[in-house]
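Asks: So the sequence lines, in the order shown, correspond to chains W and R.
First residue of the first sequence: 3, per the numbering used here; consecutive thereafter.
First residue of the second sequence: 2, per the numbering used here; consecutive thereafter.
If you're looking for bench data, these hints aren't it; they were derived computationally from the structure.
If the Cβ cut is set under 7 angstroms, some of the chain R residues that face chain W in the computed set are:
(1) P72
(2) R73
(3) I74
(4) P143
(5) T144
(6) R146
(7) M149
(8) V199
(9) L201
(10) S202
(11) E313
(12) P362
(13) Q401
Quick list of the computed label-pair ranges, beta carbon to beta carbon:
(14) R/D400 <-> W/I28: 26 to 34 angstroms
(15) W/S30 <-> R/E415: 55 to 63 angstroms
(16) W/I28 <-> R/L262: 23 to 31 angstroms
(17) W/S30 <-> R/L457: 18 to 26 angstroms
Keep in mind that this is a model prediction, so the values were computed, not measured.
Even for Gly, the Cβ is constructed at its ideal location relative to N, Cα and C.
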Amino acid sequence: MPIQRLTLHALFIMIVLLTLGGCYTILSHPGSEESNAKIEQSADCLSCHTEYHEYPYGYYYGYYPEYWWSSPRWGHYYAYPWWWDYYWPENTGDNNDEQLAPRSSRGEKAVRRESLRPPYSSGVTSIGREGSLSSPSSTEQTPSTGTKTPTENQEKTKTEQKKEDDSDRKTPRRSGDRRQ
Amino acid sequence: MKFRIALFIIMITLVSSSNSLYAQYIEQVEEITAGNQFGYGARQMSMGGAGMLLNDGTALFYNPANLARIPRIEINLGISHQKFTDKSSVRDVRRLVDYTGVITQSQVLTPRFEGFGALAGEAENDKSNTRLNSAILTVPYPTFRGSMVFGIGMVRTTGFDRVFRLYHEDTSAAGNIVEYANEFQSGGLTQWGAGFGVDLSPRLSFGAGFYMYTGRHEYNWEYLWDSLGNSFGKEDYITDDYLGWNLKTGLTMQVSPQLGLALAVETPLTLSIDEDVSTTYVGDETIYVDYSEYDIRRPLSLSGGLSLRAGEALFLADIDYTDWSQMEYDNNPDMEIYNNNIKDYYRDVLRWRLGGEYVIPHLGLSLRAGYFSDPLPVKDQFIETNRHGFSLGFGLLVDQVVTIDLAFVRTMYERNSDFIYSTDYDDNDVLLGTHNLIIDEEVDMNRLYITCAYRL
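Between the sequences and the hints, there should be enough to build the whole structure, so can you do that?
Replies: What follows is the structure, encoded as structure tokens:
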């Protein structure tokens, strides 16, 4: 049947074009083909990923219901990529203390249950409901641990961090992308 | 199937048959694979079957683009249980159909039945089956941006499990003509699939799947007829083995954080059918066997979906459109002559499904409900109440890695069909017409779906 064959050919061509031409999804980090890939990842991620706060679970525009922050198991199940744990520098085995940021006094209790932070976000990042982003500079960042879930990660990370935010408000608990 | 049975009766009892007779009995083209979607995935089924924008392994079959939204390796297993109930009744009239297929009269009696009055007869039968509903493995490939997810697995896409019972009497002063029959059908179509979903942009995902269909339809028909001491009995056992393949592509767009849209195109499905028939007659030890092969080409299907989120609530709406009148027989000239009957018997169908979910986060609990319209693909004249139903269910998220979903779905419809009761031939054995019984069927299907998914 000519029409059915045409449909099949059109679908096949569409699949090939979209698959090969759809270069939005990338399988390797730009410039990370060299052996220093891990070092690059542990550098200033936010210098490139300025928009990361829009995608707290990675580059996914989907809606993150409010309850995912209060009950992180939902976000873990529906949005936390399994391979992110393996992107953390400490999991590479070639990490060392020289790459860690110097300890500094933050003067306040560390954030608990700051759920679902992507691996390339360094330090404590606070995102206001209005979408403003504040984060420490690369020299002050603290590498994150490679624990299974962001919640556990935050509970186990006792790193002190210098506070850059001029405001006196307490770093929000259970924070994340609250664009709503 | 009913046609073949009825036709066989005519051949045996009324001397001979002809191609013209075949051409007149329109319901012979009734295909059990047309429009009898069984449904898969308890979460989707508890929301009326709306699955175009849900993110679990069954996305491989609902909309492959949604595979891109699965971030973890998932093993998805589901079972289903169905209780099928059929209440049939035979109208106290007959339909006279002339050799051209035109209905000329109702409530008529041929000379053969002179003196007999038709009685309305009723019968009921039911059947339960428990089947594997889904088994799907989904593997996301690690990406630095976007998403690329592969899936492989199977679902039970069409169910053949059903029953029918016929009881009919013609009464006269001399005695009654009694007709009694049982129909048992079992089996189903399994859809095996392999596909992928990939992000084309932060908001747009594309997916495609390749599917193979396998299945077996087992059909059993027991028929008894008694007329003033003359009796006739037979039993047919028919098996159809199915093999086919097709493709499906889909797009999902997150228009805004709350609104999602999806589109999918399923290519025509060509099913190759090998049929074995064996027939036995009461009082005859001989087993008569027959064999045939033919293809049936199901038409292209278009699907669309919409999702709306508001807090803990999720609303889903799916539609799909299939023009069943474009279905065709192929690879068998004896079957291809019925393609005109397909156009007269089938029609295009727009299915729609609505569903809602409300999450109680701290309990890990989701409550769900849905409603759907799944019209029968046949012309209105054969339908009393179109197929529709509702669904209820819930889901549990256990320890952030396992979901257990349960759905109850109730489906109902009422339809009528013709059953050839007697035929008229002239002195030269030329067919003049048939006298058909008109059978009404009231069908209820209660289905239970349980799906468990484990995300590593």
